[in-house]
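Visitor: Chains as they are written, first to last, in full-length UniProt numbering: chain V, 1 to 330; chain L, 1 to 330.
The hints are simulated quantities; they were obtained by calculation from the structure and are not laboratory data.
Possibly wrong hints are sitting among the right ones.
[Said to hold, decoys possible] Here are the in silico distance ranges between beta carbons for each label pair: (1) G134/V - Q163/L: 30 to 36 angstroms; (2) K274/L - A197/V: 39 to 45 angstroms; (3) R256/L - P141/V: 29 to 35 angstroms; (4) S220/V - R21/L: 45 to 51 angstroms; (5) L15/L - R154/V: 46 to 52 angstroms.
Note that beta-carbon positions come from the ideal geometry of N, C-alpha and C, so glycine has one too.
Protein chains: 2
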Amino acid sequence: MTRYATIGTSSIVDLFLEAGRQVEGFEHTVAHSRDSARGEAFVARHSAARVETSLDALAVADDVDVVYIASPNALHHDQAVSMLAGGKHVLVEKAAASNAVEFGDMLRVAEEHGVVIVESVRSLFDPSYAAIEGLLPALGPVRRVTFGYCQRSRRYDRILARQQVNIFDPEMSAGGLMDIGTYCVNPLVRLFGEPDAVQAAGFLLPNGIDAAGTLLCTYSDKVAEVLYSKATNSDAPSEIQGENATLVIDVIHNPRHLRLLHADHHSQDVHIDKPLSQQAYVLQAMDQFLTDPSQAHPFNRASLTALRVMDRARSQMGIHFPADGLRPPR
Amino acid sequence: MTRYATIGTSSIVDLFLEAGRQVEGFEHTVAHSRDSARGEAFVARHSAARVETSLDALAVADDVDVVYIASPNALHHDQAVSMLAGGKHVLVEKAAASNAVEFGDMLRVAEEHGVVIVESVRSLFDPSYAAIEGLLPALGPVRRVTFGYCQRSRRYDRILARQQVNIFDPEMSAGGLMDIGTYCVNPLVRLFGEPDAVQAAGFLLPNGIDAAGTLLCTYSDKVAEVLYSKATNSDAPSEIQGENATLVIDVIHNPRHLRLLHADHHSQDVHIDKPLSQQAYVLQAMDQFLTDPSQAHPFNRASLTALRVMDRARSQMGIHFPADGLRPPR
Chain V
1 MTRYATIGTS SIVDLFLEAG RQVEGFEHTV AHSRDSARGE AFVARHSAAR VETSLDALAV
61 ADDVDVVYIA SPNALHHDQA VSMLAGGKHV LVEKAAASNA VEFGDMLRVA EEHGVVIVES
121 VRSLFDPSYA AIEGLLPALG PVRRVTFGYC QRSRRYDRIL ARQQVNIFDP EMSAGGLMDI
181 GTYCVNPLVR LFGEPDAVQA AGFLLPNGID AAGTLLCTYS DKVAEVLYSK ATNSDAPSEI
241 QGENATLVID VIHNPRHLRL LHADHHSQDV HIDKPLSQQA YVLQAMDQFL TDPSQAHPFN
301 RASLTALRVM DRARSQMGIH FPADGLRPPR
Chain L
1 MTRYATIGTS SIVDLFLEAG RQVEGFEHTV AHSRDSARGE AFVARHSAAR VETSLDALAV
61 ADDVDVVYIA SPNALHHDQA VSMLAGGKHV LVEKAAASNA VEFGDMLRVA EEHGVVIVES
121 VRSLFDPSYA AIEGLLPALG PVRRVTFGYC QRSRRYDRIL ARQQVNIFDP EMSAGGLMDI
181 GTYCVNPLVR LFGEPDAVQA AGFLLPNGID AAGTLLCTYS DKVAEVLYSK ATNSDAPSEI
241 QGENATLVID VIHNPRHLRL LHADHHSQDV HIDKPLSQQA YVLQAMDQFL TDPSQAHPFN
301 RASLTALRVM DRARSQMGIH FPADGLRPPR
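With the hints as constraints, model all of the structure from the sequences given.
Guide: Below, the structure written as structure tokens:
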């Protein structure tokens, strides 16, 4: 049995708890909300969990193994550090932190307290990732990678109406890159490592946050782009282009159909069987990490590398978070 | 009647002459080839044209109105200047020249001699261009543009076999950007003007030429990418993403199917009726330019801007042509 506490009451936590019902041994014991009424309304929808309004109390609660943090990005570091220091494992929503320095700090605290922290970049845990990795040798030398996630957010209308929205708020360490670009950056660095160079440009809103942007990542033997937008839609797939074949990925953040387009133009379809929801695979992986923490290391390395890439990109786009520079490496 | 001479005997000239048969008043009078036997073999396939082995003689020939130049890019400038100075109009294959300085020089010589020079970027002359331009207002504010042309060249196999190939030879002012990237850069600058910033990275062959690459172009209110490759294939469409709708373009260098994907997710297909070959539209336009040279100006401006963008990109990728820096602006 793995006992989860949740921090946050947004729709992503609803999905998380639905996924929990697909996973053996998952138990939701505590729902944190600063507002007890909102917390009670939330648990009434979901489970028999108790409501906890104090983070300090949650950190030392004895009915919790793992804390799932789904608050705004800007809060991830401090909340995670509290939980880790209290001996709790942490599963933190993407983006794991405001920047790489914060996440490095979180990893160190986890190490010190003998607990696990993992960023929930869902697509890296579901069966599509292994399928993509397994098809790479068929591509021959990879020369181009294009990962794109462009989806007009309903909340973009509120931005156009000049309202304040968390997901477009630099105070929340938010914006397009942190919110959805990360679904491209993470598999890129997981599959191909840290790029030698990162160039970036974005379409910034008047408050200095990015609604859309592009990262041009250079490797010694290939180029890669990350294309993202919360202001506009795309119908284009993602691709990994090798000299022998191109792998076409229908939806980078939730691949279901892969297509191998060989240089001789014959093609081969690969359907990804995904009986569970994406978060359920994250929860299954989390159970493995609790048994063998070393299995989390490749995920942690990718999360840290992805944040470094995003830090470099934000710096070039002129996107600054209050959290940047607050925490020099210990 | 418009009397054409051709310089070059490659397959692109075959296509050009086939297109000529679709255009009223087109006449092929002279085929230039340095090698008279090759020239005779070429005209035997095509027309009653006479063969001319001397460029100087061609420049002053009185049976030629327009010279179509389809030699390697590195030769375009000197050949065009000779023809223009001899009072001939010039239709030059893309890329128009090795760099913007050369093309600026060609434009000045044309102006001085009261003749027309136009770069044959075929897709800008066919009905798809007007259709795309006509659909732009439906997109609302454009925030992202992705134009891609990735097609593995049969000649890339010869590169892998370590053979010398003109199209991958810096001495010829060739490479992926000049050869096919230009089909993305040209419509980009024609539709949206010169970018404020150009960042670029490429996959370079051992001889320093680009087999693939990416240009990240920044505008004050949008970002745009040019994705090209002669080493790998792509199945992804090109896109112009606006806040109200995204225009999906099936094949950027020869659009036949456009799709307008509205923000509310309903979509609208636009089929481009293209009864003639692409080059036939270029020839029809050329006839108009001979009557009214001012109609060539927007095409010339786009060609010059595109070469400036490609110069900036090449400089960042470290791709140098012998022609670069040879001709300072007069």
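Visitor: Indicate, hint by hint, whether the structure satisfies it.
Guide: Status of the hints after comparison with the structure:
1. G134/V - Q163/L: 30 to 36 angstroms: holds, 34 angstroms
2. K274/L - A197/V: 39 to 45 angstroms: With a Cβ separation near 41 angstroms, K274/L and A197/V satisfy 39 to 45 angstroms, so the hint holds.
3. R256/L - P141/V: 29 to 35 angstroms: Hint holds: Cβ distance 32 angstroms, inside 29 to 35 angstroms.
4. S220/V - R21/L: 45 to 51 angstroms: holds, 49 angstroms
5. L15/L - R154/V: 46 to 52 angstroms: For R154/V against L15/L, whose Cβ atoms are near 48 angstroms apart, the range 46 to 52 angstroms holds.
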